[in-house]
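Q: With the sequences and hints as input, model every part of the structure.
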Amino acid sequence: MAHGPQPGLTRWLYTTNHKDIGSMYLWFSFAMFLLGGCMALIIRAELFQPGLQIVQPEFFNQMTTLHGLIMVFGAVMPAFVGLANWMIPLMVGAPDMALPRMNNWSFWILPFAFSMLLSTLFMSGGAPNFGWTFYAPLSTEYAPPSVTFFIFSIHIMGASSIMGAINIIATILNMRAPGMTLMKMPLFVWTWLITAYLLIAVMPVLAGVVTMMLMDIHFGTSFFSAAGGGDPVLFQHVFWFFGHPEVYIMILPAFGIVSMIIPTFARKPLFGYSSMVYATASIAFLSFIVWAHHMFTVGMPVAGELFFMYATMLIAVPTGVKVFNWVTTMFRGSMTFETPMLFSIAFVILFTIGGFSGLMLAIAPADFQYHDTYFVVAHFHYVLVPGAIFSITAAVYYWLPKWCGNMYNEAMGKLHFWLAFIGLNLTFFPMHFVGLAGMPRRIPDYALQFADFNQIASIGAFLFGAAQLVFLFNVIRTVRGGKKATDKVWESAHGLEWSIASPAPYHTFSIPPKVS
Amino acid sequence: MLMGLKRLFAPLVFPVLAPLAQAQEAERWGVNMPQGVTEVSHAIYDLHMLIFWICVVIGIAVFGVMFYSMWAHRKSRGHKAVQFHESTLVELAWTIVPILILFGMAIPATKTLYDMYDTGEADLDIMITGYQWKWKYDHLGTDVSYFSNLATPLTQINNALPKTANYLLEVDEPLVVPTNKKIRFLITANDVIHAWWVPALAVKKDAIPGFINESWTRIDEPGIYRGQCAELCGKDHGFMPIVVKAVPEPEYDAWLSERAIVAAKAAELTGKTFSFDELVEEGGEVYNRTCAACHQANGEGVPGTFPSIAGSKVATGPLEKHMDIVINGSTTNPAMQAFGPQLSEVQLAAVITYQRNAFGNNMGDTVQPIDILNFKNK
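Going down the list, the sequences are from chains A and B.
Take the first sequence: its position 21, counted from the start at 1, is 21 in the working numbering, and no numbers get skipped.
Take the second sequence: its position 148, counted from the start at 1, is 1148 in the working numbering, and no numbers get skipped.
Among the hints, a few may not be true.
[Said to hold, decoys possible] Lysine-lysine pairs mimicking DSS-like chemistry, simulated, CA-CA at most 30 Å apart:
| hint | chain 1 | residue 1 | chain 2 | residue 2 |
| --- | --- | --- | --- | --- |
| 1 | B | Lys1163 | B | Lys1136 |
| 2 | A | Lys483 | A | Lys414 |
| 3 | B | Lys1313 | B | Lys1376 |
| 4 | B | Lys1080 | A | Lys488 |
| 5 | B | Lys1181 | B | Lys1245 |
| 6 | B | Lys1080 | A | Lys483 |
| 7 | B | Lys1272 | B | Lys1378 |
| 8 | B | Lys1075 | A | Lys184 |
| 9 | B | Lys1075 | A | Lys483 |
| 10 | A | Lys184 | A | Lys514 |
| 11 | A | Lys484 | B | Lys1075 |
| 12 | A | Lys484 | B | Lys1080 |
| 13 | A | Lys488 | B | Lys1075 |
| 14 | B | Lys1376 | B | Lys1265 |
| 15 | B | Lys1245 | B | Lys1265 |
| 16 | A | Lys414 | B | Lys1075 |
| 17 | A | Lys414 | B | Lys1080 |
| 18 | A | Lys514 | A | Lys484 |
| 19 | A | Lys414 | A | Lys484 |
| 20 | A | Lys184 | B | Lys1080 |
| 21 | B | Lys1376 | B | Lys1321 |
[As the list claims (entries may be wrong)] Now the stretches of chain B that chain A is said to cover, found in silico as 3 or more residues with beta-carbon under 8 Å:
| hint | stretch |
| --- | --- |
| 22 | 1070-1078 |
| 23 | 1093-1104 |
Just so you know, the hints here were simulated from the structure itself, not pulled from any lab data.
Glycine included, C-beta positions come from ideal geometry on N, C-alpha and C.
A: If you want it as structure tokens, here you go:
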């Protein structure tokens, strides 16, 4: 197996190598992260002061919609798939992913999907402007003509995700090295296995709901129109049946990542490995029976409200188990605080804060006051930014030396961390206050009493944005050169990925390793 | 508790603004849910604070242990790691204890939820209909029905004039209701989904086209309570506020009969013939309130989304067609509503005359209220 990568551009076009495809996924997702971030900055710039200064409401709505879609489908999900591509074969001792050609395809359709989505910005009537949750009939009868392109791009993203998920499941179930039993798998592999099942279960539901929209718009059906015997609320039920598992798709792999990083820097094995696996599976199961907590104000019968309230509150139990396990892993360890550990600790603290506000939102009567306010915006940004984004960032710092063979600049990594940490809290913490005080979400202009906290949030957002440039610079510098990393990289790292050379050779584990 | 929080946070986040007057400060740095003026809103507030403090206590315990070990169990202090990694007993404990805490939250929450759903035995019914981008209120059992539009002028939104105190939270016609009466709201929408929300009443319910939702309130204190649409409903979602004016019952009854007199007077005007200038002047006002959100103040619309009126085929074509689209709405574009039921004959005549003679259209013709009535009856 001496042959390496092909020279030139065709290496990337034709590659079936899990490391190449993983890198492409990661770069693509980072580009989308910056793009979606710029849209967020347009939103924050407009909200810096009351009144309309920079953009008009139509364009503002396009920005909130595209920011959400790009961050969910373009940044977070592909980043996790990229990490899975790179790390799962290395962690289970497999030579590559189980279905390498499909792997190539599932990546390469993504740029087309997002080109199509972004092209809607230049169409007559503008880009989709109905929010990333695209509630009917705003997204059907009242949508701009570009909605059809939006529907097709969602179809392509869904196909990509399903193929990625099939590949991950096939790899984990069939290609583990001898001796790597399921309950010996690293937690990142476990959480991804469960996530992949969630993806296969719900992406077809998303495809179904956008297809129903397509039929309503172009073929005269009335799934979501009461005038034709349909029901706009049906849209929300179907959407959130996809949507709630979807938010766990964006957080379960994050749980896996921090469960790998914290033990390394606490120099102590993860506390409660098996309970972590069971908790992840419980969260995944519960994610299917809580969807209507996004719709407490649509006028469900009281029995429905109660069921979804109780089920949602239950999620706090396995999630709590996870947080307690992480804290106990740190307890009586021998900790050091390199950049990946800093991001992981911030993950535990800030994700827990997001969990608290999630518990508050689960209480149906109180949700009548929180629903569709900035309190919700604060909540889900607290679970997604320090949740998904921080864990991905931690993962990149943690495994980058293995990928490229060079150590990143620790001082710059810490600078990145502190800028991001302060920026994030300045941006999203005040949103709790304005939300409780009564500011609805998705508005381009607001009443005067919300002005001061919005100003702080906007300043924080630009700080957070600037922090990502430090990250980009640090990563590029590390890829191009720097202090050579050892094979083990971290003093107390455990797992098969640390048994191979740094940088990881183009082909690894051609002969399966033995796992004791 | 609320004041305590404010005192805690306000100086922390922005000490520069400290010298502001105390009252203004409270308004500006609002950090918590309002307690509101109804029994339900008080119950929700108490529930909110209960969960908040439970979360604070759990947070202090969890983060306390975490920060302690980050300080004490670090390698730089020479701490050696202790290699324990499992305890079924501990896992069981931190599964069962949270479940018990959740029970403690679920019981009061269930009770409050049942109260909120009890819409029976109401003293009066009010139908609320969401439109892009205004609210319509029907006091059922009376003839009183009116639209409630944003009253903040565009000049303030576009920063040409300074913003006044109730910027974006003021309307031309507030919803008037009596105090100490159980009011049932029947909530629906004409086009897309909206949500009617007044924080002080703790009423938030989606307004869904084709379906009618119910909610209720009983307001203890007279006053003016402000809210906003809470569900993204298109371009001007941020510009359709709600104002509820709660008055003692005698005042409410007086208001109802006054509305009836005003409505009768307005109906009389249908037979009157107006001059061109009168129609254009009145039409301009109606246009800015009703049409400008989409067609823009300059009549040029938004290319690709909202058609232009300046030089349009409709506004410079046959009068019949112009009246038809304004009164019955567009058959192809649902965003163009039917304004026949929304505006009076006088207003319709005025706004059509205005559209045909403004923005350089110069058709020179006038439409009288009686023409509108005849067209409607045809």
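Q: Starting from the hint list further up, note which numbers the structure goes against and sort them upward.
A: none
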